[in-house]
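Produce the entire structure from the sequences given, and follow the hints as far as they go.
Number of protein chains: 2
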Amino acid sequence: MNAIQSQTREIPSHQGHSVRVKGYVQAIRDLGNIAFLVIRDAVGTVQAVVEQPEALQLAKTLSQETVVDLEGTVVAQSKNKEFEISVTRLKILSTPAETLPVEISKTVKVDALALNTMLDYRPITLRNEKARAIFKIEAELCAGFREFLGSERFVEIHSPKIVSTGTEGGANLFPIDYFEKKAYLAQSPQFYKQIMVGVFERVFEIGPVYRAEQHDTTRHLNEYISMDFEMGFIESEQDLIALQTKLLSYMLERVAQKCEHELSMFQTKVPQFQTIPQLKLSEATELLATKLGWTRSDVDLDPEGERLLCQYFQKETGCEFVYITHYPASIRPFYAMPVTGDPGEPVLSHSFDLLFRGLEVTTGGQRIHSYQMLIESMTNRGLNPEEFNDYLQCFRYGMPPHGGLAIGLERLTKQLLGLPTVKLASLFPRDINRLTP
Amino acid sequence: MNAIQSQTREIPSHQGHSVRVKGYVQAIRDLGNIAFLVIRDAVGTVQAVVEQPEALQLAKTLSQETVVDLEGTVVAQSKNKEFEISVTRLKILSTPAETLPVEISKTVKVDALALNTMLDYRPITLRNEKARAIFKIEAELCAGFREFLGSERFVEIHSPKIVSTGTEGGANLFPIDYFEKKAYLAQSPQFYKQIMVGVFERVFEIGPVYRAEQHDTTRHLNEYISMDFEMGFIESEQDLIALQTKLLSYMLERVAQKCEHELSMFQTKVPQFQTIPQLKLSEATELLATKLGWTRSDVDLDPEGERLLCQYFQKETGCEFVYITHYPASIRPFYAMPVTGDPGEPVLSHSFDLLFRGLEVTTGGQRIHSYQMLIESMTNRGLNPEEFNDYLQCFRYGMPPHGGLAIGLERLTKQLLGLPTVKLASLFPRDINRLTP
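The listed protein sequences correspond, in order, to chains A and B. For the first sequence, numbering that gives the first Met the number 0 begins at 0 and goes up steadily by one. For the second sequence, numbering that gives the first Met the number 0 begins at 0 and goes up steadily by one.
Please keep in mind that the hints were generated in silico from the structure rather than gathered at the bench.
Any copy, or any two copies together, can satisfy a pair, since identical chains are not distinguished.
For lysine to any residue, the following SDA-like pairs were computed, each having C-alpha atoms within a straight-line distance of at most 20 Å:
| id | residue 1 | residue 2 |
| --- | --- | --- |
| 1 | K181 | I161 |
| 2 | K180 | D215 |
| 3 | K80 | F35 |
| 4 | K135 | R152 |
| 5 | K90 | Q4 |
| 6 | K129 | R152 |
| 7 | K180 | N115 |
| 8 | K180 | D389 |
| 9 | K279 | Q313 |
| 10 | K257 | S12 |
| 11 | K180 | H219 |
| 12 | K180 | E212 |
| 13 | K90 | S235 |
| 14 | K180 | A170 |
| 15 | K90 | Q46 |
| 16 | K180 | T435 |
| 17 | K105 | L262 |
| 18 | K181 | D215 |
| 19 | K80 | H260 |
| 20 | K80 | V48 |
Fair warning: this is a prediction, and the values are worked out from it, not measured in the lab.
Following this line, the structure appears as structure tokens:
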């Protein structure tokens, strides 16, 4: 009878049967007449016991990360009731040219030095089960984002990343030599997703965005994955807040279901919630200053303020998310829809941030859809509307009330899994000091 | 009773009921005591008949692309049995600042001049029902790609687009100013998807890629969407060919099911197939030269050769796809796995292209997984292995036999829908002459 081709995680269901497993030799223990191998495949590990003479001879030549193809019988260990493979055939598919320069079978504590080594050897250190689990979880977050929005009539788009102008008027752009022209890497799909609201009413995009800020922090990347959506015919930013609350709940529920094994490697619980508390930015800063011992009093939140607010709301409401609304228009982009308010008061905007476990993960809001109002907003900020002529087309010829938001995939993942830095949530992170691997 | 919120396409199912529709005024016919509006929303159009005095007064002020919110009763026209809305309430949500500079309600024939105008006014011309249908179909192709590969244990990845070296040794790269360092836009996720085979065994990515070729043709874009997969533990390129055949069949079947309305706007039939014919490149060129009247005899195919071959195989086998295999290693990248052949004969490779209706849409193949063989292959081509040190890490420490492929989304779509140029299959195309909108 032929052996059953099996992944390591399915081994227990084949007790007593012959299975075939392909993977990497993660660890070897040679006791002379018997050798124990830990075999790692795409989803987990299994122990293989080698006593059969030919296989044993071969096993003694193996080094870590040798790629093997083996067959054997699934047996239950009497000791700990785990399943292992009693090897009947062992074949080498590929032999490493050198021994491993870093330990990848165990989880290493991530201090600054370890982080740099881990990232320098990223093609290898990603093979660590916990390191790669992060990206299996990200894949499911993305799939959940698309599935939920698809079911809400959103259409996926692909906007260009080579652009001729920035969304904010020129700051923090990476310049590109585009033949003889001046071009930049897109900071966000903002203009394009708004344009596409005029076409499909509801659109989403998951793609890379670029910020040329001189960062080397635990919360910034110069290239990151932005999960964007934009929708037409909204009444206010509350429509976006309500939709995102359902969206996040769906995405996290999917991860809880599909990534039980991966989540178990992290000290985390996937948050469950029906609603998310909201407060105005002015209320948030007052609460921080008067009750939460905030050391830096300002009109906007800083990292400390974000942490203190989340701590407070988790204690008070049990919810690990908080929406901050009503940002002053002056600290939001020109396209943020202003709130009609009292004359003489600072102009607020229909915009919001979402904080999760102490960190901003989403920024969004209702946008200006009136052509005249947009031109005024640009002019007030010293921007030249002529430079935004292509963007302005859709407003010139009719746009519905609309708005949207962007979730930072790596930030959401960092907060969900309690990672020390957002860099560990990017396969090959880019920062001011790191352009490789 | 409240009106039923409805999309235009669902209107027929609400005959006799009151519905609420939000959309754009695509056309207006004012006959004095009665006005007819064509309302377009995200999925289609519907005719609205306005006789109610207040609504009629308002209707007379409307211009094309005014955004409206209306209610009315669904009635069947006696004439052609189509359904229309007899308007009871009309509200303007947003008024255009200017009249439309281009016709968007009808399908214009695409000659060179029309193409440029169409692309200059892309934010508006994408509102044309046929223009936007292309992107609804692309969204479903992407969803099908992900869904099929997800069910085959592939994990989605996001590789960096800012890179320090090209995959081919430096040609056709867009340079970026990355702080003080030399950087480029990624030509393909090639190196990263191979690295990730060492981590997840099977991976896929849909993302932008960049080629700094001085193109302005009907088959090239400088920024396009590449649908990549890469898988470990293959026997040969035939595993990839077999998987892609099933994958394409799944993707196209999904489009046929989900996009019936959109497909009906194009003179096309979605191809159905179980297997795809294959022939070696040497057989293809011989067939072309001896039987198909090929004017340019060469070792590789040119656009004419691709067209003639597809015509021939469609006639002979009924299949609109053809695999071309066994490309000489010398015209494939350094990482292509060579075929063990007779000494003295030119070295062939385990690589292939897929042609669809006369155009190459996929390139793929088995890759070299031996570190020593890779170093040799690089050195033979005058490449410096030290410049590829990060890529080489995974091979130095053990990689399984593997391979993969990349499908060009815009090319696949162009061929499926019979578009005159690939530019119409890109929302905001980039070529040597076009960086905007």
